[in-house]
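Asks: The letter at position 38 of the sequence shown is residue 38 when you use our numbering, and the numbering goes up by one with no holes.
Hint data in this document are derived by calculation from the structure and do not stem from the laboratory.
Treat the hints with caution; some may be incorrect.
[To be verified] Taking CB as the label site, the calculated pair distances span: (1) 75 x 33: 54 to 60 Å; (2) 80 x 58: 19 to 25 Å; (3) 15 x 44: 26 to 32 Å; (4) 26 x 61: 38 to 44 Å.
Glycine included, C-beta positions come from ideal geometry on N, C-alpha and C.
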Amino acid sequence: MSVDLEHEPIHDLARRVIRLAEETQYAAQVLERRLDALERRSEAAGRAERILSIAAGMRTHLGRDRLSVDDLYDPDTGLPA
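Model the full structure from these sequences, guided by the hints.
Replies: Okay, structure coming up:
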(Lines of atoms letter the chains of each structure in order from A; the text may use other names.)
(Lines give C-alpha, C1' and ligand atoms only; values in the text may rest on other atoms or scores of the structure.)
Protein backbone atom coordinates (compact mmCIF):
# COMPACT_ATOMS: atom_id res chain seq x y z
CA MET A 1 0.00 0.00 0.00
CA SER A 2 1.33 3.42 -0.94
CA VAL A 3 0.75 6.39 1.33
CA ASP A 4 1.99 9.63 -0.17
CA LEU A 5 2.53 11.93 2.79
CA GLU A 6 4.94 14.83 2.92
CA HIS A 7 6.70 13.96 6.18
CA GLU A 8 8.75 10.77 6.16
CA PRO A 9 8.33 9.89 9.89
CA ILE A 10 4.57 10.24 9.57
CA HIS A 11 4.69 8.23 6.36
CA ASP A 12 6.45 5.40 8.17
CA LEU A 13 4.11 5.59 11.14
CA ALA A 14 1.06 5.50 8.88
CA ARG A 15 2.39 2.43 7.07
CA ARG A 16 3.05 0.63 10.34
CA VAL A 17 -0.41 1.43 11.71
CA ILE A 18 -2.10 0.35 8.50
CA ARG A 19 -0.06 -2.85 8.27
CA LEU A 20 -0.62 -3.82 11.92
CA ALA A 21 -4.31 -2.99 11.86
CA GLU A 22 -4.75 -4.50 8.39
CA GLU A 23 -6.60 -1.35 7.38
CA THR A 24 -7.54 -0.29 3.88
CA GLN A 25 -6.56 2.66 1.74
CA TYR A 26 -9.38 4.53 3.49
CA ALA A 27 -7.35 4.55 6.72
CA ALA A 28 -4.43 6.11 4.89
CA GLN A 29 -6.71 8.79 3.46
CA VAL A 30 -8.08 9.54 6.92
CA LEU A 31 -4.55 9.94 8.26
CA GLU A 32 -3.63 12.21 5.37
CA ARG A 33 -6.69 14.41 5.91
CA ARG A 34 -5.93 14.62 9.62
CA LEU A 35 -2.34 15.63 8.91
CA ASP A 36 -3.51 18.31 6.46
CA ALA A 37 -5.95 19.70 9.03
CA LEU A 38 -3.26 19.85 11.71
CA GLU A 39 -0.83 21.59 9.37
CA ARG A 40 -3.46 24.17 8.37
CA ARG A 41 -4.27 24.83 12.04
CA SER A 42 -0.57 25.29 12.78
CA GLU A 43 -0.19 27.72 9.86
CA ALA A 44 -3.24 29.70 11.01
CA ALA A 45 -1.85 29.95 14.55
CA GLY A 46 1.45 31.21 13.15
CA ARG A 47 -0.34 33.86 11.09
CA ALA A 48 -2.32 34.99 14.13
CA GLU A 49 0.87 35.31 16.17
CA ARG A 50 2.52 37.40 13.44
CA ILE A 51 -0.53 39.69 13.19
CA LEU A 52 -0.61 40.20 16.96
CA SER A 53 3.11 40.93 16.96
CA ILE A 54 2.69 43.54 14.23
CA ALA A 55 -0.23 45.12 16.11
CA ALA A 56 1.86 45.30 19.30
CA GLY A 57 4.66 47.01 17.38
CA MET A 58 2.22 49.51 15.91
CA ARG A 59 0.85 50.34 19.38
CA THR A 60 4.39 50.94 20.59
CA HIS A 61 5.26 53.26 17.71
CA LEU A 62 1.93 55.10 17.55
CA GLY A 63 1.22 55.34 21.26
CA ARG A 64 -2.02 54.18 22.78
CA ASP A 65 -3.49 57.62 23.50
CA ARG A 66 -2.58 59.32 20.25
CA LEU A 67 -5.82 58.37 18.57
CA SER A 68 -9.08 57.78 20.34
CA VAL A 69 -12.67 57.35 19.24
CA ASP A 70 -13.21 61.01 20.02
CA ASP A 71 -10.57 61.88 17.42
CA LEU A 72 -12.29 59.81 14.75
CA TYR A 73 -15.70 61.50 14.89
CA ASP A 74 -16.82 65.12 14.80
CA PRO A 75 -18.44 65.90 18.17
CA ASP A 76 -21.15 68.08 16.58
CA THR A 77 -22.24 65.84 13.72
CA GLY A 78 -21.13 62.39 14.85
CA LEU A 79 -19.72 61.88 11.36
CA PRO A 80 -16.16 60.83 10.65
CA ALA A 81 -13.83 63.75 11.16
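Asks: If a hint holds in the structure, say so; if it doesn't, say that too.
Replies: These are the hints, each one checked on the structure:
1. Taking 54 to 60 Å as the suggested C-beta distance range, the pair residue 75 and residue 33 conforms, at roughly 55 Å.
2. For the pair residue 80 and residue 58, the beta carbons lie near 21 Å from each other, so the given range of 19 to 25 Å is met.
3. For the pair residue 15 and residue 44, the beta carbons lie near 29 Å from each other, so the given range of 26 to 32 Å is met.
4. As the Cβ distance of residue 26 to residue 61 is approximately 53 Å, the hint placing it in 38 to 44 Å is violated.
Checked against the numbered hints above, the structure violates only hint 4.
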